[in-house]
Amino acid sequence: MIKNPFTKNSLVTKYQKLINQINCLETNLKILNDDELRVKTLNLQKQHETTSNSNSLIAESFALTREASSRSLGLRHFDVQLLGGLVLNSGKIAEMKTGEGKTLVATLPAVLNALKKKGVHIVTVNDYLANRDQVSMGQIYRFLGLNTGLIQEGMSNLERKENYNADITYVTNYELVFDFLRDNMVSNIENVVLKPFNYCVIDEVDSILIDEAQTPLIIADPIETSNIKYVTAAEITNYLEANIHFKIDEKNKNITLTQDGSKQIETILTIQDLYDPQDPWIPYIINAIKAKALYFNNIHYIIQNNRIIIVDEFTGRIMPDRRWGEGLHQAIEAKEKLPIRKSTETVASITYQNFFLSYPKLSGMTGTGKTAEIEFEKIYNLSVEEIPTARPNIRKDFPDLIYKDQFSKWNAIAQECNNISRNGQPILIGTTTVEKSEMLAQLLNEYKLSYQILNAKPENVRKESEIVAQAGKKNSITIATNMAGRGTDIILGGNTRFKTQKELYTLLTLVKNYKKKRKNNQIFYLFSQFKGISQKFCSVLFSLIQATEFLALSDIEILKILRENDRISTPTISYQCSVKFLVRELLLFNKKHQKQDNKIVKNLGGLYIIGTERNDSQRVDNQLRGRCGRQGDPGTSRFFLSLDDTLLRLFGGPNVQNFMQNQLFDDSPLESNLITKSLNTAQKRVEERAYEQRKNLFEYDEVLNKQRRTTYFERRKILESESVRNKILEYGEQALTEIIKQLKRNSRLIDSTLLLSRVENLVGKNVRILKDLPAVEKPKELKKKLFSEFWLNYYSKELELESYESDLIEILERRYLLVHSDLIWKEHLQRMTLLREAVGWRGYGQRNPLYEYKEEAYFLFRELQITLRQLIIYDLSRSSIL
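Once you know that position 510 of the sequence shown is 512 in my numbering, the rest is easy, because the numbers rise by one and skip nothing.
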C-alpha cells in the first residue's frame, strides 16, 4: 500500500490493485539472474504480438522495469512512482513535485510501450536533459535488451535515422518537430528519419504544450531583401515621441500611430501616403517603433557575434535558431546598427499543438500542471492527475512583501541575501530578465557576497547544469533568470556527481600536464590530497598517468570521458576502466561528506527561494517555489514585489495603486491580503488572455492542419510508391474533367473551339479528336474521348523520352510531382497567412473571422489542388530532352 497522507485519494484507489500486483511479482523476480530477466522481456514482446494488447502486460512489465532499475542504477521505484507510471501509460499528465523522480517514472510506460517495437519518444526541453536522461535511464533499457537513441543538434540524417529507429529515443521538442517538417520536404524516401508515431512522453509538458504553444515552428528560405527601408525607419523613430506620434499598448505588445505621427513621418519621407500599396512604408515604421519601444537588449534578446539572439521569456534560455517574423527581427537589427540579415518566406510550418496531437498515444509529466488543467483537456484531451509525494511537503511559503518602488525592492532583496547568508543558508533568486539578474549581481557585490549567476549569456549557459546542481550548497547564492536550469535536481549540501566530475577533471588534467613536464614533486603533492579516499585510488591514478594512450588525450577529451562515464558499461580501453574506477571511488568518498553537509543545510532551514517579481502565470511562480522542499526537505520561499512591477502596473487596476500610495510612505514593506488577491486576479486575467490567444491560434492552425495532413499524406505516398504513373494519369483525367465542368457551368452547350484551346493549352497541340467535334457532344462521351486521347498522347511522350534513356519518364514524373507539390504548398502557406490577416478585420463588420477563414481556406485548398494537377500535366506534356 502507498503510505502517504493521501492514501484515500481516489486516484490511489483506482490503481491500487495494479500496484499490489506489481509488488507481488517483485519477490519472484529478485531470485532470477540477469539473463533470465532479459528472457522475461522477450517473452513479454511475444505475448504482445499474440494479444496486441499491452494492458494485460502492465504489471509484469512494470515489475521487470523496477527490478532492472534496482540492479543497473541502484534505484527502486517507490509506489507513488509506480502510480505516476500508470497515469502516464493511461495517456494522461502526471503532476509530480520537484525531486519526486519524474525521469525514473518515465521508464515504466516507456518499456511497456516499447514492446510493440514501433518506437517510443521521450521529449525533453533541452539537449543537456535529453543526453543526461538517455545516458542514465538507458542503462535500464539496455539491461532489459532494449536499445535507446538520442537526438542532438548537429547530427547527420543517417545518425538521426539510426537513433529514431531505436526502441526508445530521447529528443528535444525542437529537434523532433523540425525533423518532422524536414521529412515532409525530402525528395527520397531514404532520407526520411522518423518512423510512424506510436507513443510519446513529454517531460515539462506545461513548458512545451502551453508556454511555447503560442509560436508556430517554421522552416523558411531566405529571400532578397532591401535593407534601406529598415535603416530609414529606424532613423525616423528618433524624431517620434510616445503619446504624441504613437501610442504603446504594452499588454498586447502593439503600436498605434496617431494622426500627428502619420503626418510627421510623411513629411520626413516626403511622400503622400504611408499606406500606399505600391510602395508601403507602414509595416517598416510600425516594426521600427516596436523595436524601440517594446523590445530591449538583455531582456527580450541579447547581442552575440553581431547577431540578435532571442531570449525565451519562460525559460531564460537563448534561442539561436529562431527569428521574429514579419520584419520585426530586421527592425531590431537596424535599431542596434547590426548587419541586417535577409527576410524569409515560409516553406513549412506547424504548431506544437497540432504536432503532438499526431501521436496515437500521448502523455506528459510536470511539477505544475493543475493550474492549466482546463487547457490540457480542451486542446489536447489530456487530463491532469496529481501524484502524492513520497514524503510530506514541509516547505514554508511566506506572504509577499510589497515595496513602493523598484529601488526599495532591490535594496531589500540584497539586504535579505546579506542577512540570510550570514548563517550559511543557500539562496536561489529567480529574476525575469538578463538585465535584472546582472543588476542584482552588482548590488550583491556592494555587500561583498559571492554568488553564481545563470542567465542567457553564453558564458553562463555553458555551466548551467553545474551551477543549478550546486545551488543547495552551504553559503551559496545563485541568481537564475526565470527557470533556467530546470530539470536539474538541487540537492541540499551539493550534488556529489557534479562535484566528483569537477574534482577529478582538475586532478587528471593537472597530473597529466605535470607528468609531461616531469614535475614529480607536484604529482606526489596532489596524490597526498586524496589519501583519505583509499590506497587503491592513488595506485590506479599512478598507473593511469603511466599509460601513453591517456597522456595523449587532450583536456577536452578527458572531460568528455568523465561526462560519458555512465554510458561506458563495459570499457574496451584500459584508461576508460581506470577512470571508471576513480569516479566510483571519489563518488563514494564525497557521498560521506555530502551526508554531513546535507544535515547541516537542513538544520539551517534548507534552500531559501527569493522571487523578484510575480510572473504572468501563477504556474511559473509555483515552478520557482518548487525548486526547494524536494523529497520532504525543508525550504522557504518569499516574493519581493514593488508597485511598478509589470504585472501590478498593467493589470493591478487603479484601486490597488491608490491603496498602496496611501499605505507606503517610506521604504518599509507591506504584507497586504488585498494586494495578494489583486495579484492572483491579475495573473488569472493574464492566463485567461494567453489561453484565448493559444486557443485562437489552435483553431486557425487546425484548419491549415487538415490541409497539411492531406498534402503530407499524398507526398509520402509519392515517395513510397514504386511507380507514380497511375497518379499522373489520375491527375490528367481530373484536369480534363475540371475543364469540361467549367465550360459546362458557363454555358448550356460546350463550345468546341474554346474546349480545344483549353485542352491544347494543357496537354499540347496534338488533340486530333477535337478538330471536328460538334458543340452538342454529351459530357460523358466527350470525357471518354478526351481520356483516350490523353492516354495516347502520354504514351507517345513516354516512348519519345525513353528513346533517349530508359526510365527517364519515371524520374521526371516523380520529380515534377514532388517539386510542384512543394512549390504550390509554399505559395498556399503565404496565401493562408494573408487570408488570416484579412479575415481579422471582418470582425468589425459583425462577421465571424474564423468561419470566414474556414470557408475561404477550403476554396483556396481546392484551387491549390486544381493548379497542382494542371501544372504537372502541363510540364510533363512539354518535357523534352533538348
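You may find that some hints are simply not true.
Stated by the list, open to error - Here are the computed distance ranges between Cβ atoms for each label pair: (1) Lys538 / Ser189: 46 to 52 angstroms; (2) Thr346 / Thr260: 29 to 35 angstroms; (3) Gln18 / Arg309: 51 to 57 angstroms; (4) Gln598 / Thr648: 22 to 28 angstroms.
As the list claims (entries may be wrong) - In the DSSO-like style, the derived pairs of lysine-lysine whose C-alpha atoms are separated by at most 30 angstroms in a straight line are: (5) Lys48 / Lys120; (6) Lys339 / Lys372; (7) Lys32 / Lys163; (8) Lys120 / Lys380; (9) Lys94 / Lys729; (10) Lys501 / Lys372; (11) Lys119 / Lys16; (12) Lys697 / Lys708; (13) Lys42 / Lys16; (14) Lys163 / Lys729; (15) Lys48 / Lys16; (16) Lys743 / Lys363.
Because the hints were derived from the structure by calculation, they are not lab data. A virtual CB, placed ideally from N, CA and C, is assigned to each residue, including glycine.
Each hint tested on the structure:
{"no.": "1", "hint": "Lys538 / Ser189: 46 to 52 angstroms", "verdict": "59 angstroms, violated"}
{"no.": "2", "hint": "Thr346 / Thr260: 29 to 35 angstroms", "verdict": "32 angstroms, holds"}
{"no.": "3", "hint": "Gln18 / Arg309: 51 to 57 angstroms", "verdict": "55 angstroms, holds"}
{"no.": "4", "hint": "Gln598 / Thr648: 22 to 28 angstroms", "verdict": "43 angstroms, violated"}
{"no.": "5", "hint": "Lys48 / Lys120", "verdict": "14 angstroms, holds"}
{"no.": "6", "hint": "Lys339 / Lys372", "verdict": "45 angstroms, violated"}
{"no.": "7", "hint": "Lys32 / Lys163", "verdict": "37 angstroms, violated"}
{"no.": "8", "hint": "Lys120 / Lys380", "verdict": "28 angstroms, holds"}
{"no.": "9", "hint": "Lys94 / Lys729", "verdict": "41 angstroms, violated"}
{"no.": "10", "hint": "Lys501 / Lys372", "verdict": "35 angstroms, violated"}
{"no.": "11", "hint": "Lys119 / Lys16", "verdict": "29 angstroms, holds"}
{"no.": "12", "hint": "Lys697 / Lys708", "verdict": "17 angstroms, holds"}
{"no.": "13", "hint": "Lys42 / Lys16", "verdict": "27 angstroms, holds"}
{"no.": "14", "hint": "Lys163 / Lys729", "verdict": "29 angstroms, holds"}
{"no.": "15", "hint": "Lys48 / Lys16", "verdict": "28 angstroms, holds"}
{"no.": "16", "hint": "Lys743 / Lys363", "verdict": "44 angstroms, violated"}
Consistency note: the structure conflicts with the earlier hints numbered 1, 4, 6, 7, 9, 10, 16.
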